[in-house]
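Spelled out, the chains give:
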Amino acid sequence: MRLEKGDVQRMAEVDNKNARRAHFSAQVRGLMLKLLVIWFVVSFGFGILLVEPLNEIRLGGYKLGFWFAQQGSIFVFIALIFYFAAVMSRLEREYRERGEGAEQ
Amino acid sequence: MSLTVLTYLVVGFTFALYIGIAIATRASSTKDFYVADGGVHPVANGMATAADWMSAASFISMAGLIALSYNGYGGSVFLMGWTGGYVLLALLIAPYLRKYGKYTVPDFIGERYYSDTARVVAVICLILCSVTYVIGQMKGVGVAFSRFLETDYETGLGIGMLIVFFYAVLGGMKGITYTQIAQYVVLITAYTIPAIFISLQLTGNPLPQLGLGSTLAGTDMYLLDKLDLILVDLGFQEYTTTLRGSTLNMVAFTASLMIGTAGLPHVIIRFFTVPSVAAARRSAGWALVFIAILYTTAPAIAAMARLNIVDTMQASDGQALLIEDKPAWFENWEQTGLLKVEDLNGDGRIEYTADPETNELTKLDNDILVLANPEIAQLPNWVIALVAAGGLAAALSTAAGLLLAISSAISHDLLKSTYMPSISERAELRASRIAMAVAVLGAGYLGLNPPGFAAGTVALAFGLAASSLFPALLMGIFARGVSREGAVAGMLAGISVTLLYVFQHKGIMFIPGTSFMGDMSPNWFFGIEPNAFGVVGAAVNFGVAFFVSRVTAAPPSEVQELLDFLHEPGDAT
Chain A
69 MRLEKGDVQR
79 MAEVDNKNAR
89 RAHFSAQVRG
99 LMLKLLVIWF
109 VVSFGFGILL
119 VEPLNEIRLG
129 GYKLGFWFAQ
139 QGSIFVFIAL
149 IFYFAAVMSR
159 LEREYRERGE
169 GAEQ
Chain B
-1 MSLTVLTYLV
9 VGFTFALYIG
19 IAIATRASST
29 KDFYVADGGV
39 HPVANGMATA
49 ADWMSAASFI
59 SMAGLIALSY
69 NGYGGSVFLM
79 GWTGGYVLLA
89 LLIAPYLRKY
99 GKYTVPDFIG
109 ERYYSDTARV
119 VAVICLILCS
129 VTYVIGQMKG
139 VGVAFSRFLE
149 TDYETGLGIG
159 MLIVFFYAVL
169 GGMKGITYTQ
179 IAQYVVLITA
189 YTIPAIFISL
199 QLTGNPLPQL
209 GLGSTLAGTD
219 MYLLDKLDLI
229 LVDLGFQEYT
239 TTLRGSTLNM
249 VAFTASLMIG
259 TAGLPHVIIR
269 FFTVPSVAAA
279 RRSAGWALVF
289 IAILYTTAPA
299 IAAMARLNIV
309 DTMQASDGQA
319 LLIEDKPAWF
329 ENWEQTGLLK
339 VEDLNGDGRI
349 EYTADPETNE
359 LTKLDNDILV
369 LANPEIAQLP
379 NWVIALVAAG
389 GLAAALSTAA
399 GLLLAISSAI
409 SHDLLKSTYM
419 PSISERAELR
429 ASRIAMAVAV
439 LGAGYLGLNP
449 PGFAAGTVAL
459 AFGLAASSLF
469 PALLMGIFAR
479 GVSREGAVAG
489 MLAGISVTLL
499 YVFQHKGIMF
509 IPGTSFMGDM
519 SPNWFFGIEP
529 NAFGVVGAAV
539 NFGVAFFVSR
549 VTAAPPSEVQ
559 ELLDFLHEPG
569 DAT
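Top to bottom, those sequences are chains A and B. Numbered according to the working numbering, the first sequence terminates at residue 172, and the numbering increases by one at each position without gaps. Numbered according to the working numbering, the second sequence terminates at residue 571, and the numbering increases by one at each position without gaps.
Simulated from the structure, these hints should not be mistaken for laboratory data. Where a beta carbon is used, it is the ideal one built from N, C-alpha and C, also for glycine. Keep in mind that a hint or two might mislead.
[Claimed, not checked] Partner residues aside, some chain A positions facing chain B, computed with beta carbon under 8 Å:
no., residue
1, M100
2, A137
3, L148
4, F150
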């Protein structure tokens, strides 16, 4: 089979696209992992597993472990989701921009 | 104006509002009916999701569960579990299913696992968890009516069914979405106003979230320290530190509620209604904001109302309350049977202690905490009327969302996708309306004749969703190698293990005394209680699915293409 010039170019584009995709997926995986670690630490960690040592510390009238279990973890959850939404939008924009750069 | 008349006015006004919205938002296509034409603003969807999500259990029962049954800190499992699930939903599930772009959860499972069997198994799991959930809502409607509007339970349930029937059958997802937004406003107002007043009275701080960590007004004693002190005095355990079961049980309980939340179909389908993948992510954040307003207020209501009750029971002279000094709210709620006293030692006083031998406050129902809260705090009658409307809004909005999940599974997944693929768009829309009507009537029937298993319903729904649908969705999105056979075997194994553990404790179909493995000590599996078992069922599901996938043929190339598409950045162009 003889390769036309257009085929070579298309293959290069596919390679380029695959590389961009792989880079994007790695970024998303890293972001998710980081956020899920925080998710676990504030709820299961601070709220349950480490609650006794944290309860030695006071936050006003709250024992700190109790506060994480009944208030703090929920606030952190909200922050995590909005941070995730913002970073994902940025990553997707960068992905598109790299794609446009490659086509020119 | 008497309280009953006022309550009729407030509840009547909210119902007129829901019906008005229903007429304005009629569905004209199947896309309207299933996903509100995919055009709902992310903030609006967040608000609708919050109402969809917060049921009669969240509104009426949760604060009481935390304060009484779970003695404070132990109740944290509900607070973290029912909110933390949104992080999983926002990161791992909702954006990908929105990207997929179809109408139902079984739709995705059927296509990803290239199998009608997988789709039908998903429909069965969906119906099992949604029906158990909806029975609780119908009961909530009947109870709220009978308590506040002095109708009997059946009449109340009938009126509730009529309202849901009207806007759900007419408007489908579109009508449900906009009524849920109105219902959110009603329920959150009704929940926070009494909380603000009570926080002000006790601590001088209007924000309950801050009041809970403040000193009691006019003293330098922290509210939570006072509560710990009094409860220990009465023989109870400390409010702020007492575990529910064991640390392991609390971890399992929280995890089960989290993954159950992320696997409940009626919540997931709400994210199909927004215009884009990015909107689905943001919308999950907004949903949690609106949910958190109630969920961070609930622990404050829990502690403050518990303190108020304990204070009422201890008259100023440090002795137990004299029977003739009972406040008016006490007698009102005794009539409903939620509160009972018995002067066991005949000294004319009501002793409230942790010891069942001497405790004379023989019944203190969890629900009383929220329902009687305005009376305990001596708030005006319109606040009480508002709480009635709020409880009804919470129950109706969740019931409608559940009924839509059930009816779309029947008309779309069973009829259109599996058994009658040639059905036209118009016929499918008609079928979905009929399915909705049947679902409403079925739920009403089950509300009137609650089966034995209705007692444990809401917790069971989470266990079922956690052990069947959540793992199938997560593996469907992220594990390319999981095959049709693996997914079906996993779902069936996960849901069976969970059901067996629950039935072993509570009897088959919750009929007492029908445990099939004979008498075993309760919570025998590492001290994990049945309501916390969903996470174990999920682990079984994952394990079985991966094992079976290894020994069966790999998924075909179309599945790889579907996954490539799901993980492609941004929206389809």
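For each hint, the structure was consulted:
Among the interface hints, the one on M100 (chain A) holds; its C-beta lies about 6 Å from the nearest C-beta in chain B, closer than the 8 Å criterion. Taking 8 Å as the C-beta cut-off, the interface hint given for A137 (chain A) holds, the closest approach to chain B being about 4 Å. Taking 8 Å as the C-beta contact cut-off toward chain B, the hint placing L148 (chain A) at the interface holds, the least distance being around 6 Å. Hint status for F150 (chain A) relative to chain B: holds, with the closest Cβ pair at about 5 Å, below 8 Å.
Hint check: no violations occur; every hint is consistent with the structure.
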